[in-house]
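**Q** Each chain, letter by letter, is given below.
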Amino acid sequence: MAPMIGSEPKKRLSPSVNREDVYMPIPLYGFLEGDMLGLLVFAEEVETVQELARKLQDAANIRVARNDDVELLYNGKTVDPALTVSQAGLQALDRFDVIWRHKV
Amino acid sequence: MLSREEWLPLARKLDWDYTYVREDEVFPPVISGHPWLPHSEWKDWEESFKTSYREYVHNQYEKDMAVYAVRDAVGRLENIQKLAAPWLNSLKVHAAALPLAEFTGVIGSLRGARFGRDSAWRTMSTFGALDEYRHTQIPLLLFHQLVRWDSQFDWAHKFYHTNNWFAIAARHFFDELTLGQNAIEFAIGTNFVLETGFTNLQFVGLASLARESSDHMFERMVTSIQTDEARHAQIGHPVLEVLMKHDPQYVQYLLDKWFWRSWRTFSILTGVSTDYLTALEQRPYSFKEFMEEWIIDQYLRMLDEFGLKKPWYWDVFEDELDIYHHMIYASAYTYRATLWFDFVIPSPAERKWLRQKYPKYWDDMDAVWERVIERWRTTGPGAANEFAVHGTAMPTFCDLCQLPLSGGSPRKNTANVLAQDGRKYIFCSEPCRWIFLREPERYANHQDLVKRVLSGEAPAEFTNLLTDYFRLTPDTWGKDVYHGAYDWLGAKKASVA
Chain V
1 MAPMIGSEPK
11 KRLSPSVNRE
21 DVYMPIPLYG
31 FLEGDMLGLL
41 VFAEEVETVQ
51 ELARKLQDAA
61 NIRVARNDDV
71 ELLYNGKTVD
81 PALTVSQAGL
91 QALDRFDVIW
101 RHKV
Chain P
105 MLSREEWLPL
115 ARKLDWDYTY
125 VREDEVFPPV
135 ISGHPWLPHS
145 EWKDWEESFK
155 TSYREYVHNQ
165 YEKDMAVYAV
175 RDAVGRLENI
185 QKLAAPWLNS
195 LKVHAAALPL
205 AEFTGVIGSL
215 RGARFGRDSA
225 WRTMSTFGAL
235 DEYRHTQIPL
245 LLFHQLVRWD
255 SQFDWAHKFY
265 HTNNWFAIAA
275 RHFFDELTLG
285 QNAIEFAIGT
295 NFVLETGFTN
305 LQFVGLASLA
315 RESSDHMFER
325 MVTSIQTDEA
335 RHAQIGHPVL
345 EVLMKHDPQY
355 VQYLLDKWFW
365 RSWRTFSILT
375 GVSTDYLTAL
385 EQRPYSFKEF
395 MEEWIIDQYL
405 RMLDEFGLKK
415 PWYWDVFEDE
425 LDIYHHMIYA
435 SAYTYRATLW
445 FDFVIPSPAE
455 RKWLRQKYPK
465 YWDDMDAVWE
475 RVIERWRTTG
485 PGAANEFAVH
495 GTAMPTFCDL
505 CQLPLSGGSP
515 RKNTANVLAQ
525 DGRKYIFCSE
535 PCRWIFLREP
545 ERYANHQDLV
555 KRVLSGEAPA
565 EFTNLLTDYF
575 RLTPDTWGKD
585 VYHGAYDWLG
595 AKKASVA
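Those sequence lines, one after another, are chains V and P.
Residue 47 in my numbering is what sits at position 47 of the first sequence, and the numbering runs on without skipping anything.
Residue 584 in my numbering is what sits at position 480 of the second sequence, and the numbering runs on without skipping anything.
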């Protein structure tokens, strides 16, 4: 059975890992257009906004079909998909939205 | 000997002036409620039933005998086993949600029986407490015989003692509404808003659904309960009359708060039962039609009667009539293992009916059901495939109502984040945020399920969350009633394990 927490972070905190290589997962509230509820998504500071959008789509896949033509909104504004989560300014327990670029 | 008419007023009005203590020591504001007024302001408190204890006991005995008679005639296990599977799951929902919630009503009513400000109010609250105790015992009695047949009925006792996400939400609601409430807010929140506004009529509607579903035991049970509710709900009106003379703004706040909070719980219990767990040919109306005909008209008339306004969020509420319980049900279907009852996918005929009844958002709902159906087609039916047609990501919950963040619509979820005192909160809707901000000291320290997982209090691993925290087992956690083997689905027949 799959873990309840969507996609797992690439690396976890561990005494044997150099702290500079560690990415602390950031819990975020993700809302996918067309879905029925918000989902908890763990982001990593270094992953791109595009990867985060895909992660939310994967998490909601049971209810909403994957759509590649999407954009991510944070604080109501579209975020450059090439930015990292850190560069986009997303912080723990913030809300982000993934919306369809062309409405169906 | 005094006649009844001469005797009863003497027995019901037993107030006197205190000489050894102050009145505000006998009725402390913190537990009698706001506004604190001297008894002279309450002395005309009156309700229409004017029942004596002897009459009360006689009537309740008659009603209990009627319930027993129906149980003996049509409430045996073999009768229940003949009911349609979706309706049985509506029974499981109510079996869990009802009895111990009613028991919290005993506590709240007893607070009125001691700290209500007039003796007639206290007398009526004493009967109310006995009513609520009866409403705890009847379902526990009737459902107990079913536990050995289907262990999901064990949740009649178990539900409120677990940390199941819906139990967390239900406790958050009832703890505030009944268990921890002062006498005045209990009279307004429970007697006036919940009972007069919602449950009195809900039980009439539920009895109708049960009758259509040939479930005569449940029909008799809720009808019997409803007759009690109709009586003790009357406590709210005269309390509200007094409050309106002294603090109408506070009254408006209490009504707006408790209407929203009651709506949240009510829409899930009754909405899901009406529109999904009752067979299509047995649905006398849609949930929205029931709300419009039975709840909304009456509630607006009551507001008008007292010179009160519609809640400020009325447009939000009206929009939710079209979508909220649908979003909750579809979400819950895809997380059905987190609950103690089973689910069905609406058939093509039911979806056509739902589209007709709920045209505004049904395209978006239908897309989700198509997706779920497609997943069953891909995996094939069968108990072994339940988790292949199930969500895996952690759902999220409102910091006020503790229910999933399913506010708004599929295209525009209304969840909103609040940063306050170094913490972040998220609310499913503007009314939930508004209630939180009016009384943050009441709500701020309660952790929703997500925060419990993040803090390590609740396990993040799915199976552990189900078994260790939600107290479910492979036998009791929710499944698709047919494990995806629907005739209309076009997949090969299930090998039901």
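Among the hints, erroneous ones may be present.
[To be verified] Short, incomplete list of chain V residues facing chain P, as computed with Cβ under 10 Å:
| id | residue |
| --- | --- |
| 1 | 24 |
| 2 | 30 |
| 3 | 31 |
| 4 | 32 |
| 5 | 39 |
| 6 | 46 |
| 7 | 63 |
| 8 | 80 |
| 9 | 81 |
| 10 | 82 |
| 11 | 83 |
| 12 | 89 |
| 13 | 92 |
| 14 | 93 |
| 15 | 95 |
| 16 | 100 |
[As the list claims (entries may be wrong)] With a cut-off of at most 20 Å between alpha-carbon atoms, the simulated SDA-like pairs for lysine to any residue come out as follows:
| id | chain 1 | residue 1 | chain 2 | residue 2 |
| --- | --- | --- | --- | --- |
| 17 | V | 77 | P | 516 |
| 18 | P | 516 | V | 65 |
| 19 | P | 392 | P | 420 |
| 20 | P | 528 | V | 34 |
| 21 | P | 516 | V | 75 |
| 22 | P | 555 | V | 24 |
| 23 | V | 77 | P | 521 |
| 24 | V | 77 | P | 522 |
| 25 | V | 77 | P | 515 |
| 26 | P | 516 | V | 24 |
| 27 | P | 583 | P | 420 |
| 28 | P | 583 | V | 77 |
Read the hints as simulated data drawn from the structure, not as lab findings.
Ideal Cβ placement from N, Cα and C applies to all residues, glycine included.
**Q** Quick check: which numbered hints come out false for this structure?
**A** When the structure is compared with the hints, numbers 1, 6, 8, 9, 10, 11, 12, 20, 26, 27, 28 turn out to be violated.
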